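Peer 1: Okay, here's what each chain looks like letter by letter:
Protein chains: 2
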Amino acid sequence: MFEFSVKDEATGSAARTGRFVTPHGAVETPVFMPVGTKATVKAMTPEELEEIGSQIILSNTFHLWLRPGDEIIRDLGGLHKFMNWKHPILTDSGGFQVFSLSKLNKVTEEGVHFRSPLDGAPLFLTPEISMKIQENLGADIIMCFDECPALPATHDSIRESAEMTARWAARCKRAHKREDQALFGIVQGGTYEDLRAWSAKATTEIGFPGYSIGGLSVGEPKDEMERALKVMNETLPRDKPRYLMGVGTPADFFRGVENGVDMFDCVLPSRNARNGRLLTNEGAINIRNQAYATDPAPISESCGCYVCRNYSRGYLRHLHMSNEILASRLNTWHNLYYFHDLMERIRAAIPKGTLADLKKDALKYYSESES
Amino acid sequence: MFEFSVKDEATGSAARTGRFVTPHGAVETPVFMPVGTKATVKAMTPEELEEIGSQIILSNTFHLWLRPGDEIIRDLGGLHKFMNWKHPILTDSGGFQVFSLSKLNKVTEEGVHFRSPLDGAPLFLTPEISMKIQENLGADIIMCFDECPALPATHDSIRESAEMTARWAARCKRAHKREDQALFGIVQGGTYEDLRAWSAKATTEIGFPGYSIGGLSVGEPKDEMERALKVMNETLPRDKPRYLMGVGTPADFFRGVENGVDMFDCVLPSRNARNGRLLTNEGAINIRNQAYATDPAPISESCGCYVCRNYSRGYLRHLHMSNEILASRLNTWHNLYYFHDLMERIRAAIPKGTLADLKKDALKYYSESES
Numbered sequence: 001m002f003e004f005s006v007k008d009e010a011t012g013s014a015a016r017t018g019r020f021v022t023p024h025g026a027v028e029t030p031v032f033m034p035v036g037t038k039a040t041v042k043a044m045t046p047e048e049l050e051e052i053g054s055q056i057i058l059s060n061t062f063h064l065w066l067r068p069g070d071e072i073i074r075d076l077g078g079l080h081k082f083m084n085w086k087h088p089i090l091t092d093s094g095g096f097q098v099f100s101l102s103k104l105n106k107v108t109e110e111g112v113h114f115r116s117p118l119d120g121a122p123l124f125l126t127p128e129i130s131m132k133i134q135e136n137l138g139a140d141i142i143m144c145f146d147e148c149p150a151l152p153a154t155h156d157s158i159r160e161s162a163e164m165t166a167r168w169a170a171r172c173k174r175a176h177k178r179e180d181q182a183l184f185g186i187v188q189g190g191t192y193e194d195l196r197a198w199s200a201k202a203t204t205e206i207g208f209p210g211y212s213i214g215g216l217s218v219g220e221p222k223d224e225m226e227r228a229l230k231v232m233n234e235t236l237p238r239d240k241p242r243y244l245m246g247v248g249t250p251a252d253f254f255r256g257v258e259n260g261v262d263m264f265d266c267v268l269p270s271r272n273a274r275n276g277r278l279l280t281n282e283g284a285i286n287i288r289n290q291a292y293a294t295d296p297a298p299i300s301e302s303c304g305c306y307v308c309r310n311y312s313r314g315y316l317r318h319l320h321m322s323n324e325i326l327a328s329r330l331n332t333w334h335n336l337y338y339f340h341d342l343m344e345r346i347r348a349a350i351p352k353g354t355l356a357d358l359k360k361d362a363l364k365y366y367s368e369s370e371s
Numbered sequence: 001m002f003e004f005s006v007k008d009e010a011t012g013s014a015a016r017t018g019r020f021v022t023p024h025g026a027v028e029t030p031v032f033m034p035v036g037t038k039a040t041v042k043a044m045t046p047e048e049l050e051e052i053g054s055q056i057i058l059s060n061t062f063h064l065w066l067r068p069g070d071e072i073i074r075d076l077g078g079l080h081k082f083m084n085w086k087h088p089i090l091t092d093s094g095g096f097q098v099f100s101l102s103k104l105n106k107v108t109e110e111g112v113h114f115r116s117p118l119d120g121a122p123l124f125l126t127p128e129i130s131m132k133i134q135e136n137l138g139a140d141i142i143m144c145f146d147e148c149p150a151l152p153a154t155h156d157s158i159r160e161s162a163e164m165t166a167r168w169a170a171r172c173k174r175a176h177k178r179e180d181q182a183l184f185g186i187v188q189g190g191t192y193e194d195l196r197a198w199s200a201k202a203t204t205e206i207g208f209p210g211y212s213i214g215g216l217s218v219g220e221p222k223d224e225m226e227r228a229l230k231v232m233n234e235t236l237p238r239d240k241p242r243y244l245m246g247v248g249t250p251a252d253f254f255r256g257v258e259n260g261v262d263m264f265d266c267v268l269p270s271r272n273a274r275n276g277r278l279l280t281n282e283g284a285i286n287i288r289n290q291a292y293a294t295d296p297a298p299i300s301e302s303c304g305c306y307v308c309r310n311y312s313r314g315y316l317r318h319l320h321m322s323n324e325i326l327a328s329r330l331n332t333w334h335n336l337y338y339f340h341d342l343m344e345r346i347r348a349a350i351p352k353g354t355l356a357d358l359k360k361d362a363l364k365y366y367s368e369s370e371s
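Residue numbers (this note's numbering), protein chains in the order written: chain A, 1 to 371; chain B, 1 to 371.
Calculated directly from the structure, the hints in this document are not laboratory data.
The structure presented is a predicted model; accordingly, all values stated were derived computationally and were not measured.
Think of the CB as a built atom: it goes at the ideal place given N, C-alpha and C, for glycine as much as any other residue.
Incorrect hints may appear among the rest.
What the hints assert, rightly or not - Short derived list, chain B residues pointing at chain A, Cβ under 8 Å:
no., residue
1, 21
2, 23
3, 24
4, 40
5, 75
6, 82
7, 164
8, 290
9, 294
10, 296
11, 314
12, 324
Unchecked claim - Cut-off 30 Å, straight-line C-alpha distance, at most; resulting in silico cross-link-like pairs (DSSO-like, lysine-lysine):
no., chain 1, residue 1, chain 2, residue 2
13, A, 352, A, 222
14, B, 81, B, 222
15, B, 42, A, 42
16, A, 359, A, 240
17, A, 42, B, 81
18, B, 7, B, 359
19, B, 360, B, 240
20, A, 86, B, 240
21, A, 42, B, 86
22, B, 86, B, 177
23, A, 81, B, 42
24, B, 42, B, 222
25, B, 103, B, 132
26, B, 81, B, 132
27, A, 240, A, 360
Let's have the full structure, built from the sequences with the hints guiding it.
Peer 2: Take a look at the structure:
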């Protein structure tokens, strides 16, 4: 039910375009996936996501498991029907949230004991339970349950974590039954090149239709991230899609694509949008700025989105300062459009051999700290 | 630039259908006008309002005067362009908000001294200033600046208020210069029938293209409101539109229409929506109800709106309990659609002589306290 093929390969970098097919349609890669944590990409309808070019969205197993509950979503027809999204969906495994949002009790070989961030109730998540939840949700692409160590961490601790993740990946593969879902393995290893290589080998030996790169973009310096990505590119099979989890910024897209990454997701464009930070080809602006109060120009003259075609910075600033819901809507719309549009230009530049030019052009107004 | 004509008149009540024409298009009456207080109907885009059948929207002079400022809106092309709404707009005068939202300092013959609810700054509003602000905003229909007394109030105090309102109406008419705007007079008089009649006479003697009925639906018993409406119907000219300000509920629409009212506005459907209270032909439901968590049915099987065609109560409850922006969007969408659809059925029933049947049918699931 899941097929991936590489279409064009760049010269001078590992960038490639490709395509994967799921039961809910095909996706052109490299692709940016908007995050719909609680079965909604915040502030957007499915039709709007279609209009701005979203091909696939991500939803969070952990949040939906806690509320409303995966069995309720299953009984209401699965995640696609529940949220009225007709195209592919990817769910994460819950692993990242267990380690980042919860009060941990204990990690055992069996799984993770922790406390619910909603009400403090004791909870237990294992590879098998994560598979069951993700089967109930019914996404097209699902993730193995992994152990996500906090950084910085010692070589020993990252090694143990990667080893646990590999053992759990084997259990996930055994437990997973739905043949209409593609289960991706997750590679860990922090920024240690040897552990990255080991984790890639261990995970590919188990064998999955796609591989996720976890444990990056968690605060490490960009050059360490880039070195880890190079190892990933060298050690992961080229005929399977690679998904760089939780990344990133426009500059990160180029970093990933140049190292053979096919899929990205990040809350950045929507979270930034709700805070008034808007990304454009001419750099980032904050719509709260007093100077925009009387500005009749759109967010960006070079942007073709609905928001830039119809609304002035003056109006958008007014909405934002007035805490209007429409502010979150229009700002999110613009930022997601910018991300999708940038990725579309990346897909077009790879076969033309103009990726380096595009990178230079797209990032020239972004400072190092922003990228 | 403003024309009104009555089309059909009911037998057995003063209900009528009609049509008015403005520089931004025609409006079929009776009409419900969604409230876009701060130049946005909360949670909705202009295109969505078009889709659900909004013909004209209301915006609030007081709020826009304070933020972002009427001169900024004028400089950005006026309210239509500012908010990207291509159809008619009505603005109120600011009077009601001065008396309901502000710390009053002093009412003089000249105008009202009060404190800004935003920052406590001293402010002064007069008939002439209200005209100037509304000219800057540029709505198609604007309101005279009136004095809105708090209820209950003595006959003497309501009389003085109605007299002041009449003197201010004459000043508004003199001060108003924009010929592309229709300036409506406002009738006051509380629930005193003699003062209602006096105020109607005084206001029509000044002469306006339309008349607003102020000072009702502010907490008085429904039978007192109904008696006041009967006096309004008897004393206002039949060839001019009548606008019942800030009203109301489905039952209020029938009360108004039966007494010759042509225009209504109310924040109720959108405010209710954000609180999870949804109105349907089968009565009101609160989407927070635990029973809806697993309910695959739409809000209303008999509703044809986008929300009812695409989303289950289970999903809408999940969005609401998760405080998702999409909850406010979809709930508002449904409630406004219900109000517009009800008004469309009222417009259809009047020429057919079936208004009484429609009333019985539309209100049968609503209790007295809800209507």
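Peer 1: With a cut-off of 30 Å on the C-alpha distance, tell me whether residue 360(B) and residue 240(B) pass.
Peer 2: Status holds; Cα separation ~28 Å.
Peer 1: Grab the minimum C-beta distance from residue 164(B) to chain A and call the hint holds if it beats 8 Å, violated otherwise.
Peer 2: The hint is violated - residue 164(B) has no Cβ within 8 Å of chain A, the shortest such distance being about 32 Å.
Peer 1: With the threshold set at 30 Å, check whether the alpha-carbon distance from residue 42(B) to residue 42(A) stays at or below it.
Peer 2: Between residue 42(B) and residue 42(A) the Cα gap is close to 16 Å, so the pair holds against 30 Å.
Peer 1: Quick check on residue 290(B) please, does its C-beta sit within 8 Å of some C-beta on chain A?
Peer 2: Because about 11 Å separates residue 290(B) from the closest Cβ in chain A, which is outside the 8 Å limit, the hint is violated.
Peer 1: If you take the shortest Cβ to Cβ gap from residue 82(B) to chain A, is it below 8 Å?
Peer 2: holds (5 Å)
Peer 1: Run the distance test for residue 352(A) versus residue 222(A): straight-line Cα separation, threshold 30 Å.
Peer 2: Between residue 352(A) and residue 222(A) the Cα gap is close to 27 Å, so the pair holds against 30 Å.
Peer 1: Does residue 75(B) meet its interface restraint, that is, does its C-beta lie within less than 8 Å of any C-beta in chain A?
Peer 2: This interface hint holds because 6 Å falls under the 8 Å limit.
Peer 1: Sort out whether residue 132(B) lies within 30 Å of residue 81(B), counting only the CA atoms.
Peer 2: Distance of about 19 Å is within 30 Å: holds.
Peer 1: The hint names residue 24(B) as touching chain A; please verify it with the least Cβ-Cβ distance against 8 Å.
Peer 2: violated (16 Å)
Peer 1: Verify the proposed pairing of residue 86(B) with residue 177(B), using a straight-line Cα cut of 30 Å.
Peer 2: OK: residue 86(B) and residue 177(B) at ~22 Å, within 30 Å.
Peer 1: Hint check: residue 240(A) vs residue 360(A), CA-CA at most 30 Å. Holds or violated?
Peer 2: holds (28 Å)
Peer 1: Can residue 40(B) be said to touch chain A, with a Cβ gap under 8 Å?
Peer 2: holds (5 Å)
Hint compliance for this structure: hints 1, 2, 3, 7, 8, 14, 20 are broken, all remaining hints hold.
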